[in-house]
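As given, the protein sequences belong to chains V and A, one line each in that order. Start counting the first sequence at 1; every next residue gets the next number (our numbering). Start counting the second sequence at 1; every next residue gets the next number (our numbering).
Treat the hints with caution; some may be incorrect.
[Unchecked claim] Some chain A residues flagged as far from chain V (calculated, every beta-carbon gap over 10 Å):
| no. | residue |
| --- | --- |
| 1 | 39 |
| 2 | 143 |
| 3 | 145 |
| 4 | 147 |
| 5 | 153 |
| 6 | 186 |
| 7 | 189 |
| 8 | 193 |
| 9 | 201 |
| 10 | 258 |
| 11 | 297 |
| 12 | 305 |
[Unchecked claim] Here are a few chain V residues that face chain A, going by a calculated C-beta distance under 10 Å:
| no. | residue |
| --- | --- |
| 13 | 36 |
| 14 | 66 |
| 15 | 146 |
| 16 | 154 |
| 17 | 167 |
| 18 | 248 |
No lab work stands behind these hints, which were simulated from the structure alone. Ideal Cβ positions, reconstructed from N, Cα and C, are used throughout, including at glycine.
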Amino acid sequence: MSAIPAVPAAAPADGRDVSRPVPFLRAARAVFDLSLEGMVWSRRSLLMILLLGLPAPLALVFRTFITRLPPRVGAFDFYGVVIAFYYVRNALPLAALFYATALIADEVEGKTITYLLTRPIQRVSVLAGKFAAYLATTLALALPAVVLTFFLLTTIRGWTGVGALVPDLFRDMGVVVLTLVTYGAFFTLMGVLLRRPVIPGLLFLFVWELLANAPGYLPRFTITAYLRSLIHHRPPDEGLAEIFAQVLPTALCLEAVGGMIVVFLAAAAWIFSNREYVLDQ
Amino acid sequence: MTRSRLVVLGATVVVAAGAMAALGALYLDPARAAVGPLPPQALSLPAGTRYVMGLDVKRFVASPLYAKYAAARTSNRPQAFEELEQKTGLNPERDLDQVYIAGSQAGVPGRTGDALVVVVGRFDRAKVARAIETEKRGVTSKNVSGTVVYLFNESASGKGSGATAFLDDDTLVMGTQASVEQTVTARARGEAPLRNNAALLALLESVRPGSTFWMVGDQTLLSNMPKAIPGPGGPGTSQSIELPALKSLMVTGDLDPQVSLDITGEAADEPAAKNLADVVRGFVALASLQANQKPELKQLASAISVTTEASRVHVAARVPYEVLDSLQPRPPRSAPPRPPAPSAP
Chain V
1 MSAIPAVPAA APADGRDVSR PVPFLRAARA VFDLSLEGMV WSRRSLLMIL
51 LLGLPAPLAL VFRTFITRLP PRVGAFDFYG VVIAFYYVRN ALPLAALFYA
101 TALIADEVEG KTITYLLTRP IQRVSVLAGK FAAYLATTLA LALPAVVLTF
151 FLLTTIRGWT GVGALVPDLF RDMGVVVLTL VTYGAFFTLM GVLLRRPVIP
201 GLLFLFVWEL LANAPGYLPR FTITAYLRSL IHHRPPDEGL AEIFAQVLPT
251 ALCLEAVGGM IVVFLAAAAW IFSNREYVLD Q
Chain A
1 MTRSRLVVLG ATVVVAAGAM AALGALYLDP ARAAVGPLPP QALSLPAGTR
51 YVMGLDVKRF VASPLYAKYA AARTSNRPQA FEELEQKTGL NPERDLDQVY
101 IAGSQAGVPG RTGDALVVVV GRFDRAKVAR AIETEKRGVT SKNVSGTVVY
151 LFNESASGKG SGATAFLDDD TLVMGTQASV EQTVTARARG EAPLRNNAAL
201 LALLESVRPG STFWMVGDQT LLSNMPKAIP GPGGPGTSQS IELPALKSLM
251 VTGDLDPQVS LDITGEAADE PAAKNLADVV RGFVALASLQ ANQKPELKQL
301 ASAISVTTEA SRVHVAARVP YEVLDSLQPR PPRSAPPRPP APSAP
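Use the sequences and the hints to build the structure in full.
Shown next as structure tokens:
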């Protein structure tokens, strides 16, 4: 890993050897703190709060009106639709796209990457700190909404029977985490690879990922097919998905998702460490 | 602490509180059963059990389907239940909680009567016992491991055509004499023979507790199912569609607020599962094609989803009551009154 050599200066107060880069964890933590502040309090986060938190107020509306309207869908089925269709297929990948592609691309765009790269820290620790900040932000927005939605919907008729549904909640929370990590790793790679990664990212999400509805082995070339297979909710689909819907084995999904996370993050770290950023003057 | 860390901490607290509440609900749920949806007393069922079905009577009675059924049959229902209540003090709608049916010989010719019925509820034991003893002739009783077992039509060799016994104050078991005695003995000894049936236990554990009705079984249960169905050429033609054999079947369902059915069948291998899924999808597609004549069929077709997972086929149906109502045959319209025949000139 390349490190930017520090400019010889007076010895710091903590007695650190300035000829060596700051240790990985310490540097990553510093970048994490800096990035978290920038991510949580941003206009992007405002939009993401609306996007990821929307199911909770919807669940409240459902809870309020279900007793007054003729019920057409069960509360737990509605929760299944929220998880399977809204979160795993749309909202979480979009959140990952908007946050993860910006981790490095925003620094390049804003010409502030110089400030990071001229510090005596390893480049990998910059990426690690930023990715950790992305995860902390998106999980802090998504997981409470999932938990609130679950309880708002499943306790409509009291707490009887909620215990039987709890394993699904924990499974869903796990899949939400995996979705954010996997898509986050992929879009981080796109962010270090491309100068303007949002449009290719949107095309990937809404064109390429449709292969998950195709027959045969084609779904295995997508990310979403593995993540969809990990959840237990199977709301009725329409179109190709209705005809060719298949669920991949859980073990295969976990292996594939784990492999993708490692490969995408390693590739992103390698590219970011070796790439020379020339900023427009 | 920075504002951002406060936000993350707040989110963590919400998630942790939710997880704690969920764990509390999981472990303190009164419906928490011994294995899947089965209560501990049902684990005394014989180890050779090949299929088990269950009905949550409380949920069934509270469902819109039962309300409709009760409303439609309102003239007959109270009378039948009133008679039962007078004789035994038992009102099924009020006093029964769960009914389980288990058996080991489904589909074997000549061995259809070994089903065991376990009823969990609140009984007036003295009244029920008196009703059993006095209602029919030929009822005898014997003591099996300290439990009174009532035998129906006991022969000279001591074999009865059926038997019933109370496992405890809340559990009544009915079935063949051998099965009932086996269950009573296991219960008295504190044994759980069903735990030795690993295959069935695995199926039971995958049933979600809280379903209104459910069923699990191995291939024995399905041996009476047709192996092929007529193809487009109709019955008797060579174009029949072969149905892949299933190794196991699991059905769970709910009736509120709509009819929800989840069927999971395990085929011999992945191609067989895909084949079976294609057959089911074919029927759904046929229903969609009929939508021009019957628009309600389109709704029905879109309410069914079929997926495959390795060698398993999963069919999920969510059918609103409106769709079920629209599928009911309508009463024939009364013929319009004929115009009076013109009088002959």
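Verification of the hints:
1. 39: holds (14 Å)
2. 143: Residue 143(A) is indeed farther than 10 Å from all Cβ atoms of chain V, at 39 Å.
3. 145: holds (33 Å)
4. 147: Label holds. Min Cβ-Cβ 31 Å, cutoff 10 Å.
5. 153: holds (41 Å)
6. 186: With a cut-off of 10 Å, residue 186(A) remains clear of chain V, as the shortest Cβ separation is near 27 Å.
7. 189: Answer for residue 189(A): holds, closest chain V Cβ roughly 30 Å.
8. 193: It holds; residue 193(A) is separated from chain V by about 25 Å at its closest Cβ, greater than 10 Å.
9. 201: holds (17 Å)
10. 258: violated (6 Å)
11. 297: Non-interface label on residue 297(A) holds, nearest chain V Cβ at 15 Å vs cutoff 10 Å.
12. 305: violated (4 Å)
13. 36: holds (4 Å)
14. 66: holds (8 Å)
15. 146: holds (8 Å)
16. 154: Check passed: Cβ of residue 154(V) comes within 9 Å of chain A, closer than 10 Å.
17. 167: Check passed: Cβ of residue 167(V) comes within 8 Å of chain A, closer than 10 Å.
18. 248: With Cβ-Cβ at 7 Å, under 10 Å, it holds.
Checked against the numbered hints listed earlier, the structure breaks hints 10 and 12; every other hint is satisfied.
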